[in-house]
Structure formats: structure tokens, C-alpha cells
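Engineer: As you go down the protein sequences, you meet chains A and B in turn. The numbering used here applies: residue 1 is where the first sequence begins, and numbers increase by one. The numbering used here applies: residue 1 is where the second sequence begins, and numbers increase by one.
Just so you know, the hints here were simulated from the structure itself, not pulled from any lab data. All of these numbers come straight from a predicted model, not from anything done at the bench. Treat each hint with caution, since some may be false.
To be verified - Within a straight-line C-alpha distance of at most 25 Å, the following computed SDA-like cross-link-like pairs (lysine to any residue) qualify:
| id | chain 1 | residue 1 | chain 2 | residue 2 |
| --- | --- | --- | --- | --- |
| 1 | A | 149 | B | 57 |
| 2 | B | 22 | A | 192 |
| 3 | A | 170 | B | 23 |
| 4 | B | 19 | A | 149 |
| 5 | B | 29 | A | 29 |
| 6 | A | 148 | B | 19 |
| 7 | B | 52 | B | 66 |
| 8 | B | 29 | A | 99 |
| 9 | B | 29 | A | 117 |
| 10 | B | 19 | A | 138 |
| 11 | B | 52 | A | 149 |
| 12 | B | 19 | A | 137 |
| 13 | B | 29 | A | 42 |
| 14 | B | 19 | A | 29 |
| 15 | B | 29 | A | 103 |
| 16 | A | 149 | B | 2 |
| 17 | B | 29 | A | 102 |
| 18 | A | 168 | B | 3 |
| 19 | B | 65 | A | 145 |
| 20 | A | 29 | A | 42 |
| 21 | B | 22 | A | 169 |
| 22 | B | 52 | A | 98 |
| 23 | B | 29 | B | 52 |
| 24 | A | 170 | B | 27 |
| 25 | B | 29 | A | 145 |
| 26 | B | 19 | A | 183 |
| 27 | B | 65 | A | 169 |
| 28 | B | 22 | A | 98 |
| 29 | A | 149 | B | 66 |
| 30 | A | 148 | B | 23 |
| 31 | A | 148 | B | 32 |
| 32 | B | 19 | A | 42 |
| 33 | B | 29 | A | 119 |
| 34 | A | 168 | B | 73 |
| 35 | B | 19 | A | 114 |
| 36 | B | 29 | A | 138 |
| 37 | B | 29 | A | 94 |
| 38 | A | 148 | B | 66 |
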Amino acid sequence: MKEIDCRGLACPQPVLTTKKALEESPQGKLMVIVDNLAARDNVERFAQSQGASVSVEKKGNDFYLTIEKGGTCDLASSPQKAEKVVVYINSNLMGVGDEALGTTLMRSFLHVLSEMETRPSTLVFINSGVRLTTEGSMVLEDLEALSKKGVIILSCGTCLDFYGLKEKLKVGVISNMYDIAKTLFEADRLIRP
Amino acid sequence: MPYVVILFPSTHYAIRAEKMAKGSGFTVKLIPVPRHLSSDCGVCLRCSSDQKEPLECLLQQEGIKIEGIHFLSD
């Protein structure tokens with residue numbers, strides 16, 4: 001296994017060195033040694049973003065990261081170029097029809113979304129959709145899980161205000177139509193459940 | 001934490017069961033039926049396994065039909 005000693009290197013050198021090594025041995029296994037927490041986290045995150053699996057071992061003050069490339073993922077098509085998928089939720093209900101059913105379906109949808117491996121980049125909540133991001137919502141747990149995984153959650157400020165929910169936002173951030181319109185336009189794919 | 005999921009013969013039962021369980025102070029969650037249990041697009045009730053017995057009791061008392069209970073190794 002190729003070994004790369006990044007001890008004593010300042011940020012962002014460890015990540016850059018790791019990137020270069022991964023590009024040179026796209027299938028291989030790699031050992032990266034760092035001597036601080038920030039470098040450990042940065043290298044780990046970078047490797048994971050490249051579809052590699054990482055295991056960390058602490059030896060004394062150093063961290064030994066074993067990085068193993070997943071077979072099919074190639075560097076060129078990875079994270080920076082990741083497809084932007086936006087989920088546009090313009091109602092607290094999924095589909096048109098019975099309200100109890102619509103509520104149930106929306107809850108199911110968001111639950112599944114929170115467990116899926118492919119994640120959207122952003123969720124946009126509009127109109128009565130903001131009932132889902134505010135106090136009393138039954139999907140807060142799932143939305144928080146998504147938020148923790150890095151999914152951006154935007155709630156329309158006008159809508160929160162209209163429904164008197166501005167003080168009751170529980171997950172994500174208050175947004176405005178500029179950001180929302182921009183998000184929708186820049187999406188590679190838009191999902192409307 | 002070990003979970004169980006309770007399956008019902010219809011969505012209506014599942015929605016009613018959730019309402020009753022929550023009304024009686026149970027911590028439950030309505031989720032889609034896990035794929036390995038059924039290919040139907042149904043919903044079921046998930047709860048921690050320690051709530052299984054009392055919840056089952058309650059639902060039976062309330063006349064809610066249960067189709068099956070499965071343990072999840074989550």
C-alpha cells in the first residue's frame with residue numbers, strides 16, 4: 001500500500017497531496033498519515049466525497065487513514081460537478097385529494113428521502129409547505145436528519161409570515177424569493193412531490 | 001434501538017392506529033412499509049420494541065385490525 005506522510009504539513013497541503021495520490025492510483029489503497037484533527041477530518045471528508053471508504057487509526061499523536069477507492073467512481077465526474085437536485089415542496093400535502101392521505105404520503109416521502117443514499121442538494125418549502133418545517137410538524141426528525149447530511153432547507157419567508165409561523169421555524173433557514181428563484185433556476189433537476 | 005413495525009390491512013387502519021397510539025402517549029412513527037416486507041406502497045406504524053405489547057393491546061381493544069408485526073434489526 002502506498003504511504004503518504006503528511007505530518008507537519010499545513011492546511012490545505014494534506015488534502016491536496018491526498019487528491020494527487022488518489023488521481024495517480026485510481027483503484028488503489030492508500031495510507032495517509034496526519035498529525036492533527038483538522039487534517040484528519042479534511043482528508044477524510046475529501047476522500048469520502050470522492051467515493052472512497054476511509055478508516056482511521058490513532059497512533060500516538062498521529063492519525064493513520066486507510067483510504068480505499070470504490071471501483072467505479074472516477075475523480076473527474078465527482079463532487080464539484082455533482083448534479084443539483086432540488087425538491088420543491090409547495091404544499092404540506094403530497095398529491096391532490098384527501099387531506100389525511102396527502103399528509104401521510106408527504107410524511108412517507110420525506111422519511112424515505114432522509115434514508116436514501118442519493119440526496120437532493122436543496123429542499124424548498126413554499127406556501128403551506130412551510131407547515132412541514134415549523135413547530136408541530138411531524139417530519140421534523142426526518143428534515144433534521146437531512147439537514148445534518150448537508151441538505152439545504154429553505155422556507156419561504158413570505159409564507160412563514162402569512163401563516164404566522166415565522167417564530168416557529170424549527171429546521172433550516174428563512175429564505176426569500178430571490179434565493180428561491182435562483183435555486184429553482186440553477187437546479188439540474190427539480191422534483192415536485 | 002430495536003424497532004418493530006406493525007402492518008395493517010389498509011391505509012385507513014394505519015392512520016387511525018397512529019392517531020390512537022399518539023393519543024394514548026405512545027411514541028410511534030408512520031413510515032412506508034419496509035421494502036423487504038411488502039412491495040405494496042403501504043404505510044405502517046413503527047415503535048420501539050418495548051412498546052409492542054401495550055400498543056398491540058390498545059389497538060386490539062380499539063378494534064383495529066393488525067396484519068402483522070415484524071421486528072426490525074435497525
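Engineer: Against each hint, give a clear statement of whether it holds in the structure.
Structural biologist: Hints versus structure:
Taking the CA atoms of residue 149/A and residue 57/B, the gap is near 38 Å; set against the 25 Å cutoff, the hint is violated. A C-alpha spacing of about 30 Å is found between residue 22/B and residue 192/A, which places the hinted pair above 25 Å, so the restraint is violated. Taking the CA atoms of residue 170/A and residue 23/B, the gap is about 23 Å. The hint holds against a cut of 25 Å. At roughly 30 Å between alpha-carbon atoms, residue 19/B and residue 149/A are farther apart than 25 Å, so this suggested pair is violated.
Straight-line distance between C-alpha atoms of residue 29/B and residue 29/A comes to about 42 Å, which puts the hinted pair past the 25 Å bound. Proposed proximity of residue 148/A and residue 19/B is contradicted: the alpha carbons are some 29 Å apart, above 25 Å. Distance hint between residue 52/B and residue 66/B is fulfilled; the C-alpha atoms sit about 12 Å from each other, no more than 25 Å. Simply put, residue 29/B and residue 99/A have alpha-carbon atoms about 18 Å apart, close enough for the 25 Å limit, and the pair holds.
Pair hint residue 29/B plus residue 117/A holds up; C-alpha atoms about 21 Å apart against a cutoff of 25 Å. For a cut-off of 25 Å, the pair hint linking residue 19/B to residue 138/A stands: about 12 Å separates their Cα positions. A threshold of 25 Å between alpha carbons decides the hint, and for residue 52/B with residue 149/A the separation of about 31 Å lies outside it, so the pair is violated. Pair hint residue 19/B plus residue 137/A holds up; C-alpha atoms about 15 Å apart against a cutoff of 25 Å.
Restraint check for residue 29/B and residue 42/A: not satisfied, since their Cα atoms lie roughly 36 Å apart, outside the 25 Å limit. A hinted pair counts as satisfied when its Cα atoms are at most 25 Å apart, and residue 19/B with residue 29/A does not qualify at roughly 52 Å. Taking the CA atoms of residue 29/B and residue 103/A, the gap is near 13 Å; set against the 25 Å cutoff, the hint holds. Taking the CA atoms of residue 149/A and residue 2/B, the gap is about 23 Å. The hint holds against a cut of 25 Å.
For the given pair, residue 29/B sits about 16 Å from residue 102/A by alpha-carbon distance, which is consistent with the 25 Å threshold. Pair hint residue 168/A plus residue 3/B does not hold up; C-alpha atoms about 30 Å apart against a cutoff of 25 Å. Our distance criterion of 25 Å between C-alpha atoms is broken by residue 65/B and residue 145/A, whose separation comes to about 32 Å. Among the hinted pairs, residue 29/A with residue 42/A is consistent with the structure: their alpha-carbon atoms are about 18 Å apart, no more than 25 Å.
Only pairs whose Cα atoms come within 25 Å are accepted, and residue 22/B paired with residue 169/A is accepted, the gap being roughly 23 Å. Taking the CA atoms of residue 52/B and residue 98/A, the gap is about 30 Å. The hint is violated against a cut of 25 Å. Note on residue 29/B and residue 52/B: the hinted pairing holds, with a Cα-Cα distance of about 13 Å set against a maximum of 25 Å. At roughly 20 Å between alpha-carbon atoms, residue 170/A and residue 27/B fall within 25 Å of each other, so this suggested pair holds.
Our distance criterion of 25 Å between C-alpha atoms is met by residue 29/B and residue 145/A, whose separation comes to about 15 Å. For the suggested pair residue 19/B and residue 183/A, the alpha carbons sit about 37 Å apart, so the restraint of at most 25 Å is broken. With a C-alpha separation of about 37 Å, the suggested pair residue 65/B and residue 169/A falls outside the 25 Å cut-off, and the hint is violated. At roughly 21 Å between alpha-carbon atoms, residue 22/B and residue 98/A fall within 25 Å of each other, so this suggested pair holds.
For the proposed pair residue 149/A and residue 66/B, the alpha carbon gap of about 35 Å is over 25 Å, so the pair is violated. A threshold of 25 Å between alpha carbons decides the hint, and for residue 148/A with residue 23/B the separation of about 30 Å lies outside it, so the pair is violated. For the proposed pair residue 148/A and residue 32/B, the alpha carbon gap of about 22 Å is at most 25 Å, so the pair holds. The suggested pairing of residue 19/B with residue 42/A is violated, with an alpha-carbon distance near 45 Å, which exceeds 25 Å.
Of the supplied pair hints, the one linking residue 29/B and residue 119/A holds, its CA atoms being roughly 22 Å apart against a limit of 25 Å. Taken as a hint, the residue 168/A and residue 73/B pair is broken in the structure, with Cα atoms around 35 Å apart against an allowance of 25 Å. For the proposed pair residue 19/B and residue 114/A, the alpha carbon gap of about 23 Å is at most 25 Å, so the pair holds. Taking the CA atoms of residue 29/B and residue 138/A, the gap is near 9 Å; set against the 25 Å cutoff, the hint holds.
Among the hinted pairs, residue 29/B with residue 94/A is consistent with the structure: their alpha-carbon atoms are about 18 Å apart, no more than 25 Å. Simply put, residue 148/A and residue 66/B have alpha-carbon atoms about 35 Å apart, too far for the 25 Å limit, and the pair is violated.
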